[in-house]
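Got chain A; can you put chains B and C on it based on the hints?
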Amino acid sequence: MKILVTVKQVPDTSGKVAVNPDGTLNRASMQTIINPDDLNAVEAALALKDELGCKVVAFTMGPPPAEGMLRELMAMGVDEGVLVTAREFGGSDTYATSQILAAAIGTYGVEADDVILAGRQAIDGDTAQVGPQIAEKLHLPQVSYAGEITKEDNALTVKRMLEDGYMTIKVKTPCLVTCVKELNAPRYMNIRGILDAYQQPMTVMTYETLKDHPLIDKETIGLEGSPTNILTSFTPPQKGAGMMLSGADKATTDQLAGILAEKHII
Amino acid sequence: MDFNLSREHLLIRKMMADFTENEVKPIAAETDRTCEYPRDTIEKLFDLGVMGMCVPHEYGGAGADPLASAIAIEELSKQCASTGDIVATHNGLCCDPILTYGTDEQKAKYLPMLTTGHHVGAFALTEPNAGSDASKGQTEARLEGDHYVMNGSKVFITNGYVADVFVVFAMTDKSKGTKGISAFIVESSFPGFSVGKHEEKMGLHGSPTAEIVFQDCIVPKENLLGKEGKGFAIAMATLDGGRIGIAAQSLGIAEGALAEAINYTKGRVQFGKPISKFQNTQFVLADMELGCEAGRLLTYQAAVMKNQGQRYTKAAAMAKLFCSEHAMKTTTKALQMFGGYGYTKDYPMERMMRDAKITEIYEGTSEVQRIVISANMGL
Amino acid sequence: MAFNSADIGAFKNVWVFCEQRQGVMMPTTFELISEGRKLANELGVELCGILLGDNVEGIAAELGEYGADKVYVYESPLLKDYTTDGYTKVIVEAVEELKPEVLLFGASNIGRDLAPRCAARLHTGLCADCTHLDIDMPNYKGFLKEASTLPEERIEKLGTVKIAGQDHDVSRDLKMTRPAFGGHLMASIICPRFRPAMATVRPGVMKRRECKKDVEIIKPAFALAASDIQTEVTETVKAAKKLVDLIGADFIVSVGRGISKDVEGGIKLAEELAEVLGGVVGSSRACVDAGWISADHQVGQTGKTVHPKVYVALGISGAIQHKAGMQDSECIIAVNKNESAPIFEVADYGIVGDLFKVVPELIESIKAAKAAK
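Protein chains in written order, with the working numbering: chain A, 1 to 266; chain B, 1 to 379; chain C, 1 to 373.
So here's chain A without its partners, still in its complex pose (with noise of 0.2 Å):
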């Protein structure tokens, strides 16, 4: 049995952030950092090592660099690292992403037992479609927003979080889980993980390395392969000075309820 835990480096948008005069995000100047949800997977799969003892393998899809972060998720428990790294995979969409993700997690192999997780969504993108999409092109079943899960034997139990409560789902390995936040605290990364990090296993899957899965071909990957484009992007306008309105009777508060309203903040 193992975990495979699919992961991604995303600029940190809680700070500051960057935007360049086309309206394009300016990621050199931004930090980078672990997409939080994914942590959240992390946790869920060292746990789940902690219980059961199996082996954890992340997998990244991003630029060398990424490397960096798999080092990190090292020093916090995880056994290996897959950098799925290629000139040939930039600019792909949530479709073509999923597609190389689940054409890497193919070549590494899934076995009966094994467990996938994933983040809910990462924040630069907010989308929440990989983690399905890698089920759906792996045909695997999946659960999504998972706030509990449990394993015995080759089944998972998992709490699956709705807006207005939860439903519980019992699915067979092997299968795709999807984690939300409220799953659990993620450990810090550890002394002595630390210094054993650089000494675990890294496979770096290029191009190369994939290229011969059938789901591989130009037409499924990078920005060829992407069935969505971006028309345009743009910043919206900047929030403005504060705005005093006149007066303090209800025809204030209601230009106030009406503008609230008007911006979907209420």
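By construction, these hints were calculated from the structure, which means they are not laboratory data. Ideal Cβ positions, reconstructed from N, Cα and C, are used throughout, including at glycine. Be a bit skeptical, because a hint or two may be false.
[Claimed, not checked] Non-contacting residues of chain B with respect to chain A, defined by C-beta distances greater than 10 Å in every case (computed): (1) H57; (2) A72; (3) S132; (4) D133; (5) T178; (6) V213; (7) Q279; (8) E293; (9) Q310; (10) S366; (11) V368; (12) S374.
[As the list claims (entries may be wrong)] Derived coverage of chain C by chain A (criterion: at least 3 residues anywhere in the stretch with Cβ under 8 Å from a Cβ of chain A; other residues may be distant): (13) 116-127; (14) 141-148; (15) 226-233; (16) 342-351.
For chains B and C alone, coordinates are given in the frame of chain A:
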């Protein structure tokens, strides 16, 4: 010459910064107010392998180097100097001498306790009448068959009322002065050991400081650390290493105060602009930054020299002296920038300033550091 | 003929996935039907709902009130509980047979589970969590002029994109606009080469508009077996609303020294306003020190640092220690008698007045605005 930290050291900094932000910062003011030992934090630091991190794998540690330990203490001290002090004492003054001078049996027994066993360590040298001058110690250990009988007391002992394992210095032959001092490993559970007065201090309120008392305390013979009469040399060498920890702690205090000052002066508007835009503020902040950078270089240099087996007595004394004085200066000047708010407990500056003061006093006062430095200048 | 998502000419009509839970239509469905109506009109096609469940035909008719021309109803005990596998199979096979050109889902936890799976199987594009949809180019450009900082000449030039070296005219493509990077950036996405163009739409954003149609209910034959579903739903639990603390709250209504003339009344008003907004009550340090409210409500340097969607400061002057704990809120509303109170420096909306008069009116106004949505 490479001034870059290794990737492992960078990860340790990141991990400790993360831990400090989430686990230490939120309780630092409360810890100061209640004077409570931050037990949960220390337990977590054991779990993460920070406590006793330089102890080798075979004894339950992570096998980290002194620089890694310094970075950890520095990061913790940015938000809570008490936590930094507890770790510095445990790592530098208890684990280190046992690792360096202990027999295989002593290491096998005590180092796992001090790492995976979650037992806190301490170092007991200072006495009421023997501060900077350790040769005037009154605590005695008399060999009686298979054990020593220890009598006396030690004061200002960091981790004093929480520690389980103490490295204690006592006279085995008073007639020989410093050459009559020996080192022992003493457990708090030994008969005749007791904790005396808990000190009420100006700062470092989370650091548990106490008097410890030995009243016919029975210390097994095999707990003699090093040879009889070598205690003073062990103490001085241990303090050389300990000073790197206090340098790192002081550096962290200064860096923490500087970060607070930058944050505050950027947000505080007076006379129509943020006070960070006034040159007077900028020049003071520039001096703080300069001192932190210089202190960091001195501290890391001393840690690397220790790791390389070089003689680092002077380097550690310089780092400790410089960083502690810089911490005091920085916290004082940063508090001034906060004006009246800085003097209140709404902001951490007054706590940082109180915490900083001790760094000029303990593990060798600033005056002692100057003695050590000048003694190593061939004057 | 085999299904081919690239055979664009074969696709027609706008579809909305009509999400129901326990036989009750989710409110977002009506918002999507209204929005779908707009898109269908712009394309000159029909608007169809697709409704899956067990014994749900009865709730289909109401979709006609908001402009649905047809509703395809798929009923089976196997569709009673939502399952990714069951719903995906039925929807994908319906799409393959009936070929809609646009397919919308609510961006609920279910919509965002189902839509990506369907898109992956259909080999088409999906845009997540959209906040604005357009077909018509002039409308889209008008939207950009208002909602973006793009220069007008750049907006006017929009019309084609390069697809495999060829200019592609986007005038009949669905323009799906959504926030990215935590709302710092917006992007308009198209799916030019494949159909249907799929989107999940953020709940509460689109407006529900009545538009009565004679809706036709159609119940196509379909195949679904228990063996098609690899997950088992053992229970569905509707949770009671749990109490939220200041740090995760989206809405915070805080009180300050301004409530001093009637402390209990002031706190009660804040609680009422918080309840209407769906939030919690905070306070400045002054109220905690005075013993009017417990310390766990305190926002600021010595209290909690919060960043809710909306922070309402009632009778709070805005000392620097208080601002340190709340100035990163997305929207700050301040009510204070003193027009030179520093709180107005960080407020997005300020009302100068007595909170005891303003708040009851504000509660009524917000209730009315919410009811109108």
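So, going through the hints one by one against the coordinates:
no., hint, result
1, H57, "violated (8 Å)"
2, A72, "violated (8 Å)"
3, S132, "holds (34 Å)"
4, D133, "holds (37 Å)"
5, T178, "holds (36 Å)"
6, V213, "holds (35 Å)"
7, Q279, "holds (25 Å)"
8, E293, "holds (21 Å)"
9, Q310, "holds (22 Å)"
10, S366, "holds (32 Å)"
11, V368, "holds (31 Å)"
12, S374, "holds (37 Å)"
13, 116-127, "holds (count 10)"
14, 141-148, "holds (count 3)"
15, 226-233, "holds (count 4)"
16, 342-351, "holds (count 8)"
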